[in-house]
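Combine both chains into one complex, guided by the hints.
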Amino acid sequence: MKRVYVNEKWCLGCHLCEYNCAYANVGGINMYLSLKDKKISPNVRIEEKDNITYAVACRHCSDPICLKSCIAGAISQEDGVIKINKDKCVGCHTCILVCPYGVLHLTDNGVMQKCELCTNNGSKTPACVKGCPNNAIVFMEK
Amino acid sequence: MNYVIIGNSVCGIATVEGIRKLDKKGKITLIGNEKYKAYSRPLISYLIEGKTDLNKINYRSDEFYEENKVHTVFGKKVVKIDNDEKKVVLDNGKEIFFDKLMVATGSKPFIPPIAGYETVKNKTSFMTIDDAKYLMEHIDISKNVLIMGAGLIGLKCAECLLGKVKFISVVDLADRVLPSILKKEEAKSVQDVLEEKGVKFYLENSVASFEKNVAFLKDEQVLPFDILVTAVGVRPNVELVKEIGGVVNRGIVINDKCETSLKDIYAGGDCAETFDISFGDKRVLAILPNAYLEGETAGENMAGGNKTFDNAIPMNSIGFFGFHIISAGTYDGEKIAIEEDGNKRIFYVKDDLLKGYMLIGKVDKAGIYTSLIRNKTKLSTIDFNAIIKEPSLICFDKKRRDEILTN
Ligand SMILES: Cc1cc2nc3c(=O)[nH]c(=O)nc-3n(C[C@H](O)[C@H](O)[C@H](O)COP(=O)(O)OP(=O)(O)OC[C@H]3O[C@@H](n4cnc5c(N)ncnc54)[C@H](O)[C@@H]3O)c2cc1C
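One line per chain: the protein sequences are S and E, in this order.
Everything in the first sequence is counted per the numbering used here, starting at 122 for the first residue and increasing by one.
Everything in the second sequence is counted per the numbering used here, starting at 37 for the first residue and increasing by one.
With the rest of the complex left out, here is chain E (with noise of 0.2 Å):
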């Protein structure tokens, strides 16, 4: 069998993972436009901040690619899938050849159209380890940063650059920071950690132009900076199977084995569309976890396995300054909220299920809550009461954990 991965990153090397499970000897061509070996993306902010380093942020051991037999092609772009021929073809014009084919190829930030962005000098994203890189080389205390985005990767931005730099200032469309995992009553508390440290935000307020280092803010205020990251948002990267007529809505549609609507070409991670069990419907779950979730299971079916990856939610772990924040799921249903010694927790319950819930705080034991929404555990059957107070297996019954314990 040959086997071929675009896509140099969690979900491809969970993919490697996935068919050697099965397949000791198959031929596996991993491509990666990237010129590294597949790093941990996430880690990139703690890089900046200096609790990782060029080395330590590897994904996997230097020995990787060997001990798993992978031919790698990195510092080259797929340009364009043949299916009919069953060929990929690069961007300096050489052709691969496969049997079975995975799409892990992430996504890329959103630039907005803004006035003037053009003009701007010393700017940059914040996804990729040249984009630490360049802001490596282009900060020092003399500057002023500004960041446009106010969601995980704009904070963890932020963060890292907190005490390298002169100022840092935040602009968000959003009435607060986080969005995507925090109401607004909670962002405040995380907004306040930022602020203390220095951090200036300007919410519910955007760039309306920009004139080389200089942003014209919505509401009239004026922000000279020295460097801009951006970092609004991602888009999945789904060129590649739409051109050839994959069945693309704003990822690439896969089935809960990771199959794409063409044959032998899989797809799964930030460039695809998942079923999000506590939201019902589908939607991109750009995380670490669902990425490596979906590479292996589509690793194991291109290899001939029967795998399937059917519990997805969305969920996360943030923090800053060691002051953690940790949420899963969907906050939909019935909200119960506790508050004890400055410690938040929230619950949201549906149909005798918990949706989602967020920790802000103390976040020990997390993944006992995480685990009800994932394996859908009824909450009739547990002591909920308890369990709201302080994850622990001791609200299951016996047999249950039993299972867990003795098994």
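Chain S with its partners taken away, still in its complex shape (with noise of 0.2 Å):
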């Protein structure tokens, strides 16, 4: 399956990613009145310390510990894809407690997110690797 992969040589620490992410996720006409003065909520985040960055979102293990733990059975797998169901996710934080990348993150509603590769929101590549302006986040087979 075609997954996101990050180099950590090639990303500039822009965030760029991380505003691409959140528009794709919130929707509107353009990126400036979505997200101006609002705290974003990326599914994609930047970690950096010193001169290094790179982007972190989820791996979409094939063992996903995640879906195996979720109380509520709210996280499944389809075609490789780790989806959370927001109807029957209660906010428990399960996933946070066993995800080794720390890439799910609590919304407004008190219920998880996280990257989904866009198949949730209609972009067909992902909307961090198609920002990213020096190619640090691929989306590809490997």
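Please keep in mind that the hints were generated in silico from the structure rather than gathered at the bench.
A portion of the hints provided could be inaccurate.
Cβ pair distances, simulated, as ranges [as the list claims (entries may be wrong)]:
1. E:D255 / S:E169: 51 to 57 Å
2. E:R319 / S:I150: 54 to 60 Å
3. E:D377 / S:E169: 52 to 58 Å
4. E:T155 / S:S162: 50 to 56 Å
5. S:N206 / E:G369: 35 to 41 Å
6. E:K112 / S:K263: 33 to 39 Å
7. E:F357 / S:D158: 26 to 32 Å
8. E:N421 / S:Y153: 37 to 43 Å
9. E:K412 / S:D208: 35 to 41 Å
10. E:D388 / S:I150: 51 to 57 Å
11. S:Y153 / E:E173: 51 to 57 Å
12. S:N255 / E:G86: 28 to 34 Å
Glycine residues also receive a C-beta, built at the ideal position from the N, C-alpha and C atoms.
Written out as structure tokens, the structure is:
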């Protein structure tokens, strides 16, 4: 399956992936109107220290511990993509307890959100990949 | 191949999923003595709160059993295993034959021997959907509820009843709430949250006797109540295996392939004992992730696979009114405590390994810590001083980070 891969060597730390992700998931007529003055809650996040920067999002593990641990049965895997059923999620945080990469986040509605490779918002290529100015995030089969 | 699974809950469902990874055709019979499709047991408090409903609480989709070609026998109890004739006997006398058997019978509530318990009129445990339905039918804003047990189950019950009943009292022998996951100091902050909402605690105390709907406490206080919830602990359902000579301690003894001591019989989940790598010995880990991982392991092995599950640890996430507590591992070794803006992080380190931790308040990315315990990561190979302040992949070296991000 195609996954998102990150090469920290090329990451500029510009945080554009975070904005593109947030915008793809919020929608609207333009990014400025959708995100201006709002606290964004993207599914891909930049981690940085000293001169190192890179983006982290769900790895869509082939052995997904979040799915196996979810107390609500709200996480499933469809064609390799790990998805959260927000109707079933009760926000218990068990996925946060177990995800080794720290890629699940709480939404304002008290349920979890995560990268679903933009399969849930209509983009064919994940928005973080499409908008990365330096190809530090790629979408490919390995 | 003819598979039979006893117990239609998380561990039983995971067994089906494990089997079906390797064997799409074999016959699977799943027997459960509850009359429902498998549901998320931990969600019964959310059901009372109204955060889920009788449909959404189902653990898998409506089509699950059909899609996985599972023959279901619900509302029937297995009363005997006959491993010589390779069959199980149901409470209606029916016999079902197997080649491989999974015992995923879970646990039952422990009812402490207390004088006069049988005279209590309205009482329940808090383990099943039927228990939740019982409470929903019996509570209203005029009722006083007494909960025995200030553990995870007792407190989740208290949380969901708040605002729906007149008064909630919680009695526990322990000197603190959530004794299985919190030390005294940390437990106080959780107790405060619940007390502020109106729960009254009677700790280091116990019910000496009941007389109808009145509890007489050890310290001579007298508590009248309308409904009693007993949540003082659970006991693994081991009898079926014990009766036929399978090795049983507190739980059914299994190896890392989830095989019992009896040929062709597997077990896992709340009814079994698991080797806890953070503790260094076997114990019952009555948590949902463990039930899944063992069911899956057993299922794959029953279907001829060669899967091991060898990094079990206790781990828990619990919250009250948006106040979260995450904990994992064993609290053994040097303690490192960090407090910041009312959030607490406590780590236990021994032999260059993270043995256990608890986060109270801010719990973001906690799984990075959990993975250090499960993977037995040598702390000298990471930037431990940075990671205890903020969990992040940046604390790993580049090689490890590349493995994660580019593989
Ligand atoms: C209120 C509550 C909250 C919880 N919260 C959490 C949480 O937040 N996180 C967490 O990790 N865990 C939590 N747990 C624990 C979790 O629910 C269990 O660890 C998990 O359900 C274990 O799954 P299991 O399949 O091993 O056993 P169970 O879920 O106990 O299922 C066993 C099934 O087998 C059936 N059975 C038993 N004997 C027989 C027989 N002889 N014949 C036929 N059927 C039989 C039982 O009726 C039952 O349906 C909670 C539990 C409760 C009660």
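Going through the hints against the structure:
1. For the hinted restraint 51 to 57 Å between D255 (chain E) and E169 (chain S), the CB-CB distance of approximately 56 Å keeps it satisfied.
2. Judged by the Cβ atoms, the range 54 to 60 Å given for R319 (chain E) and I150 (chain S) holds: they are separated by roughly 57 Å.
3. The hinted window of 52 to 58 Å between D377 (chain E) and E169 (chain S) is violated, with their beta carbons roughly 22 Å apart.
4. Between T155 (chain E) and S162 (chain S) the beta carbons are some 54 Å apart, a value that agrees with the proposed interval 50 to 56 Å.
5. Hint check: N206 (chain S) to G369 (chain E), Cβ distance near 39 Å, so the stated range 35 to 41 Å holds.
6. Distance hint check: the CB atoms of K112 (chain E) and K263 (chain S) are about 48 Å apart, inconsistent with the given range 33 to 39 Å.
7. For F357 (chain E) and D158 (chain S), the Cβ-Cβ distance of about 29 Å falls inside the hinted range of 26 to 32 Å, so the restraint holds.
8. For N421 (chain E) paired with Y153 (chain S), a C-beta distance near 40 Å keeps the hint of 37 to 43 Å intact.
9. Restraint check, K412 (chain E) to D208 (chain S): a C-beta distance of roughly 37 Å satisfies the suggested window 35 to 41 Å.
10. Separation of D388 (chain E) from I150 (chain S) is about 55 Å and conforms to the stated range, judged on CB atoms against 51 to 57 Å.
11. Separation of Y153 (chain S) from E173 (chain E) is about 54 Å and conforms to the stated range, judged on CB atoms against 51 to 57 Å.
12. The hinted window of 28 to 34 Å between N255 (chain S) and G86 (chain E) is violated, with their beta carbons roughly 48 Å apart.
In this structure, the hints that do not hold are numbers 3, 6, 12, in rising order.
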